[in-house]
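Residue strings, one per chain:
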Amino acid sequence: MHWQSQQTPLDDESPVNVTPLIDVSLVLVVILLLATPLAFESSIGVKSAQKGGKEATTKKQSLRVTLTLVDEQSVRVNQTLVARDELMAALEPALDETEERAITIACADNISHGAFVDVLDKAKRCGANGIAVSGR
Amino acid sequence: MRAPSVPQAPMLTRINVTSVIDVALVLVIILLVTAPMLDVADLDLDLPGAHTRDVEEQSYVSVTLGRNGDMAVENQEVGSVEEISGMLSSRLSEIGSQESLVVVRADADLPHEFVRRVIEQVRAGGAQRMAIATRQLEGE
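One line per chain: the protein sequences are S and F, in this order. The first sequence maps to residues 1 to 136 in this note's numbering. The second sequence maps to residues 1 to 140 in this note's numbering.
These are calculated hints, taken from the structure and not from any lab test. The hints are all genuine.
Covered, in the sense of this in silico footprint (three residues per stretch, anywhere, with C-beta under 8 Å from a C-beta of chain S), are these stretches of chain F:
1) 20 to 32
2) 103 to 109
3) 128 to 134
Idealized CB from N, CA, C, for every residue including glycine.
Just chain S, with the same shape it has in the complex (with noise of 0.2 Å):
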């Protein structure tokens, strides 16, 4: 018995055309590594110093947390004073004395701004609710 080959229709058709996937592809690519420091950009909500200000006046002591970065590595607690790697272990107690869970927090002139956002950064790890920045 003799086969023949025989053309079948699908022999006809070009090859899947993957040009517009490959471009489309490297867009996404090159627009993601450009977008990607952005995209892990976040931000702590602060009250303003003054609103901040006002609201501490008007509450009683025992509903808020005073935080004071006395320098780079210490910070008081309301009048404690402690190791800023310490603060949280510190802060929780204090604020679950507290009913609002609200902190105002002060700062020296000298401090950097990362350590400033380190202590605004372990108060909101610890659950505290409001923070408001003091001017001095």
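Please build the complex by placing chain F on the supplied structure of chain S, with the hints as guidance.
Showing chain F alone in chain S's frame:
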């Protein structure tokens, strides 16, 4: 006497625009999504790291403080701290809402005294809601 006719290949009369349309549509969609992100000044700065992610808003007015003390309200550079409140006030008026979030993007090494002066200017510019920009850190 007529010359014999030579058979000619059919002419290609259509241009394949599918790939062009694909790329154009993807560009439009990506630009729509990333447009709010691109409204920040391209100053040299290293944001302070933080684990918490507090404010999640796609649209905000940015005030950027670069490593060298350069300042900008959105894309417009500012010459002095005192100019920030005026520029911010006019920007918030353009948007038509004082409730718009204002994000202060400041370099981690800047002294807090400088950042605080800018925060005071932001408040003087009429901002009702404010946040401090951070770089998202992984894990706890």
